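Protein chains: 2
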Amino acid sequence: MTQQTQTTALDTVLAYHRAWTSGDVTAALEYVADNIVCQAPGAELIGKDAYGAFLGGFAPTLTGLTDLAAFGDDDHVVLFYYPHIGQITTAPAAEHFTLRDGKIAENILVFDRLSYAPPQQ
Amino acid sequence: MTQQTQTTALDTVLAYHRAWTSGDVTAALEYVADNIVCQAPGAELIGKDAYGAFLGGFAPTLTGLTDLAAFGDDDHVVLFYYPHIGQITTAPAAEHFTLRDGKIAENILVFDRLSYAPPQQ
Chain A
1 MTQQTQTTAL DTVLAYHRAW TSGDVTAALE YVADNIVCQA PGAELIGKDA YGAFLGGFAP
61 TLTGLTDLAA FGDDDHVVLF YYPHIGQITT APAAEHFTLR DGKIAENILV FDRLSYAPPQ
121 Q
Chain B
1 MTQQTQTTAL DTVLAYHRAW TSGDVTAALE YVADNIVCQA PGAELIGKDA YGAFLGGFAP
61 TLTGLTDLAA FGDDDHVVLF YYPHIGQITT APAAEHFTLR DGKIAENILV FDRLSYAPPQ
121 Q
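Those protein sequence lines, which keep their order, are chains A and B.
First residue of the first sequence? That's 1 in full-length UniProt numbering, and the numbers climb one at a time after it.
First residue of the second sequence? That's 1 in full-length UniProt numbering, and the numbers climb one at a time after it.
Calculated from the structure, these hints are not laboratory results.
Keep in mind the model is a prediction, meaning the values are calculated, not measured.
Watch out, some of these pointers could steer you wrong.
What the hints assert, rightly or not - Listed next, with one range per pair, are the computed distances between beta-carbon atoms:
# : chain 1 : residue 1 : chain 2 : residue 2 : range
1 : A       : A53       : B       : N35       : 42 to 50 angstroms
2 : A       : E30       : B       : T26       : 46 to 54 angstroms
3 : A       : K103      : B       : D34       : 23 to 31 angstroms
4 : A       : A53       : B       : T8        : 39 to 47 angstroms
Where is the CB? At the ideal position from N, CA and C, for every residue including glycine.
Make the full structure from the sequences, and use the hints.
Following this line, the structure appears as structure tokens:
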């Protein structure tokens with residue numbers, strides 16, 4: 001049974017976003033469905049364990065955050081932000097979330113890998 | 001004088017998006033401010049001429065489009081879509097637009113360059 005409202009989907013994703021970006025991956029994963037499918041640059045993650053491992057690997061590298069935009073409707077949310085990774089503070093990331101039964105069931109994540117790990121000179 | 005409404009910002013960006021993704025870069029640029037600043041992966045484009053050259057170089061490579069999401073408020077719009085580039089049809093792109101005086105004044109564009117041009121095996 002789905003009882004999403006616009007506020008709920010956005011609230012859920014913002015709570016997830018605040019949790020992992022403050023380092024609490026365990027709390028973030030409470031908003032994630034067991035069967036989540038995530039498309040990330042160069043990787044597809046299927047299931048909460050794989051997703052948790054991915055997020056758990058990335059979260060500790062975050063040194064700061066600049067949020068740009070958050071929009072949503074009943075079942076979908078889009079976030080746009082600058083994750084700070086060391087000296088890199090203006091390379092954007094965006095996420096497109098699909099929620100089902102109040103949990104994050106799909107996440108399409110986009111960032112430019114080369115912007116975070118430029119080739120060695 | 002700014003007289004934006006939620007509908008207007010989103011409508012403007014969608015008209016821009018439809019124009020260039022159907023190959024009409026000239027029509028798309030009518031929605032763009034002369035002093036646009038665009039942050040793209042690996043490039044910053046300042047001014048309509050530079051932006052038009054960038055868009056004019058990219059648009060002809062587009063072989064199709066899958067739109068995922070479009071959200072906006074008075075002055076900001078976010079688009080999420082899959083640009084099809086040859087055989088690549090599921091690498092996402094996202095854009096964050098800021099509008100001023102009814103024109104697109106800032107565009108933060110994100111896609112993963114490696115997903116479109118994977119290293120040669």
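Status of the hints after comparison with the structure:
1. Distance hint check: the CB atoms of A:A53 and B:N35 are about 45 angstroms apart, consistent with the given range 42 to 50 angstroms.
2. The beta-carbon spacing between A:E30 and B:T26, approximately 50 angstroms, falls within the hinted interval of 46 to 54 angstroms.
3. Between A:K103 and B:D34, the C-beta spacing of about 46 angstroms breaks the proposed range 23 to 31 angstroms.
4. Judged by the Cβ atoms, the range 39 to 47 angstroms given for A:A53 and B:T8 holds: they are separated by roughly 44 angstroms.
In summary, the structure is inconsistent with hint 3 from the numbered list given earlier, while agreeing with all the others.
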